[in-house]
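Please put together the full structure from these sequences, using the hints given.
If you want the building blocks of each chain, they are given just below.
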Amino acid sequence: MSQIELKNVSVTFEQKRTTINAVKDVSLSIEKGEIFGIVGLSGAGKSTLVRTINGLQQPTTGEVTVSGVEINKANKSQLAQARKKIGFIFQNFNLINNRTIAQNIGFALTAGGYPEKQQPEKIDQLLALVGLQDRKANYPAQLSGGQKQRVGIARALANDPDILLCDEATSALDLETAEEIITILKDINERLHITIVFITHQLEVAKNLFDRVAVMENGELVEQTTAYKLFADPQSDMAKRLVNRFLDDELPDEVRFKLRKSNGRFLSLKYHGDDSLDPVITEIAGTAGVDISILQGRIEFIQSNAIGTLGIFITGEPQAINQAVRLFHEKVDGVEEDEQ
Amino acid sequence: MSETITILQENLGQALWETFEMVVISGIIGVVLGTLLGLVLYYYSNPLFSPRAAVNNVVGFIINAVRSFPFLILMIVLIPFAKLVAGDPYTPMGGAVSLSVAAVPFFARIAESSFAEIDQGVIEAARSTGAGFFLIFSDVLFPEALPSLIRGIVLTIISLIGYSAMVGTIGAGGIGNLAIQFGYNRYETGVLISVIVILVIIVQIIQWIGDRLAVHYTRG
Numbered sequence: 001m002s003q004i005e006l007k008n009v010s011v012t013f014e015q016k017r018t019t020i021n022a023v024k025d026v027s028l029s030i031e032k033g034e035i036f037g038i039v040g041l042s043g044a045g046k047s048t049l050v051r052t053i054n055g056l057q058q059p060t061t062g063e064v065t066v067s068g069v070e071i072n073k074a075n076k077s078q079l080a081q082a083r084k085k086i087g088f089i090f091q092n093f094n095l096i097n098n099r100t101i102a103q104n105i106g107f108a109l110t111a112g113g114y115p116e117k118q119q120p121e122k123i124d125q126l127l128a129l130v131g132l133q134d135r136k137a138n139y140p141a142q143l144s145g146g147q148k149q150r151v152g153i154a155r156a157l158a159n160d161p162d163i164l165l166c167d168e169a170t171s172a173l174d175l176e177t178a179e180e181i182i183t184i185l186k187d188i189n190e191r192l193h194i195t196i197v198f199i200t201h202q203l204e205v206a207k208n209l210f211d212r213v214a215v216m217e218n219g220e221l222v223e224q225t226t227a228y229k230l231f232a233d234p235q236s237d238m239a240k241r242l243v244n245r246f247l248d249d250e251l252p253d254e255v256r257f258k259l260r261k262s263n264g265r266f267l268s269l270k271y272h273g274d275d276s277l278d279p280v281i282t283e284i285a286g287t288a289g290v291d292i293s294i295l296q297g298r299i300e301f302i303q304s305n306a307i308g309t310l311g312i313f314i315t316g317e318p319q320a321i322n323q324a325v326r327l328f329h330e331k332v333d334g335v336e337e338d339e340q
Numbered sequence: 001m002s003e004t005i006t007i008l009q010e011n012l013g014q015a016l017w018e019t020f021e022m023v024v025i026s027g028i029i030g031v032v033l034g035t036l037l038g039l040v041l042y043y044y045s046n047p048l049f050s051p052r053a054a055v056n057n058v059v060g061f062i063i064n065a066v067r068s069f070p071f072l073i074l075m076i077v078l079i080p081f082a083k084l085v086a087g088d089p090y091t092p093m094g095g096a097v098s099l100s101v102a103a104v105p106f107f108a109r110i111a112e113s114s115f116a117e118i119d120q121g122v123i124e125a126a127r128s129t130g131a132g133f134f135l136i137f138s139d140v141l142f143p144e145a146l147p148s149l150i151r152g153i154v155l156t157i158i159s160l161i162g163y164s165a166m167v168g169t170i171g172a173g174g175i176g177n178l179a180i181q182f183g184y185n186r187y188e189t190g191v192l193i194s195v196i197v198i199l200v201i202i203v204q205i206i207q208w209i210g211d212r213l214a215v216h217y218t219r220g
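The listed protein sequences correspond, in order, to chains A and B.
Just so we're aligned: 180 in my numbering is position 180 of the first sequence, and the numbers increase by one with no gaps anywhere.
Just so we're aligned: 76 in my numbering is position 76 of the second sequence, and the numbers increase by one with no gaps anywhere.
I should point out that these hints are in silico values taken from the structure, not numbers from a laboratory.
By construction, the Cβ of each residue, glycine as well, lies at the ideal position given by its N, Cα and C atoms.
A few of these clues could be false.
[Said to hold, decoys possible] Restraint-style ranges between C-beta atoms, simulated for each label pair:
hint	chain 1	residue 1	chain 2	residue 2	range
1	A	73	B	208	33 to 39 Å
2	B	208	A	60	51 to 57 Å
3	A	43	B	62	36 to 42 Å
4	A	334	B	50	49 to 55 Å
See the structure below:
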């Protein structure tokens, strides 16, 4: 049995006039020790879904099982017990503003039944883990966003959890700070073997962090795949939208307009692994007798595998162009034609 | 002038003490019970705790009902009750009874809004550690609401000083009574002015202390 199992989970909010189906019939399994991402636009139901894992949100229908405990049927004390082993990190850090950093972590320790006398030592250990030993006596307002999130991580780890839920944990931070937080999380996952469930609308987070990823749209799970496959070969419309926006292989409108006036065809090539495209391009240009200009190109490494995108424009005799396009279809993993 | 001084010398100390007694007793009762009621309102309305509209509506209705009484009328209606509790309703103790009854619902609303102002995310974070309500109260709700509660206490005390003058007129004593008895009924304008000046100073001092404390407990 997987560590986290969601079976046909739906969450419906009844309001006076409307019913909101925040999560619709989602089933997924998350294995111990993996970093599982849930991506989607805001309002897709990601936050609601992740809150069913620690019972902050009860599903309207369906089952949630975490480490063998049925969260949706647990009573108050079982739920409190389960929550001690599920750390939670928030987008806005959610620290107690009028308590020091040490007191913030001490709160979680007390909640978990950790003996008062041994708390200072444990607090030191936790803060060392996130590199903030010297900020114990500070209040949250004296810390930067990245530092606050590190405290959030230390607090979430207080009771030696098996699972860490992260709700847009890097979305309120600048890119560099977000990278730092991600490095810390990856390190925690590797050293302590804690399962991480990470929700985000930022796809760039996914490429470095996730093992597997689920894509949500309008409350539904539309795709579940590995991080590499999500970028290399997205299946659902939502995944394609997210990935294309990230890889940015859309041409700017100005360029598109210019190309429309000239005779030729635009192709978007996508290649996986380490194959270099250059010989293919020169080869096809030679065989078909066309001119190929390269408009844009980019290589991303996802889970240490390369994914490249290349936008090219082919000009020449109509017959020759057709032949070139055919050859590209044969030799390149992913070819998309732009209708212009 | 000399008569003004004589009256003040003979009565001011006693009157100040009586006002102090009334305000402190009703203030403490108001803040303690009001905080509890405010907590009940908050607990039963916050979706992260135990939302129960029925409890909330009933408690809310009672609070609103008591608060709808103009204080003058509440005071008169409560004379039999004050007699029961304090023996003699026409003493500072008797006065403290009706002041307390007014202070509790007043402070309950203040406490409720102080708790409700706390960022829901912080409560969510606390809930997700598995902490129970009492730990969340002492370590999250209380420190986070404290500056706002202090401001509410200042507001309550100053209102109570004002109301205490009203109970003074029906015989509970205090500084308000001094002003009415001598300053108004016996045309001792000097006494009236002295009392007003003293009240202005007291209110300023209380507000100043309250502001300092509220700032002190807002950390960072």
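Verification of the supplied hints:
The given range of 33 to 39 Å is broken by residue 73 of chain A and residue 208 of chain B, whose C-beta atoms sit roughly 55 Å from each other. For the pair residue 208 of chain B and residue 60 of chain A, the supplied restraint of 51 to 57 Å holds, since their beta-carbon distance comes to about 53 Å. For residue 43 of chain A paired with residue 62 of chain B, a C-beta distance near 40 Å keeps the hint of 36 to 42 Å intact. Distance hint check for residue 334 of chain A and residue 50 of chain B: the Cβ-Cβ separation is about 53 Å, which falls inside the suggested range of 49 to 55 Å.
Comparing the model with each numbered hint stated earlier shows that hint 1 is the single one that does not hold.
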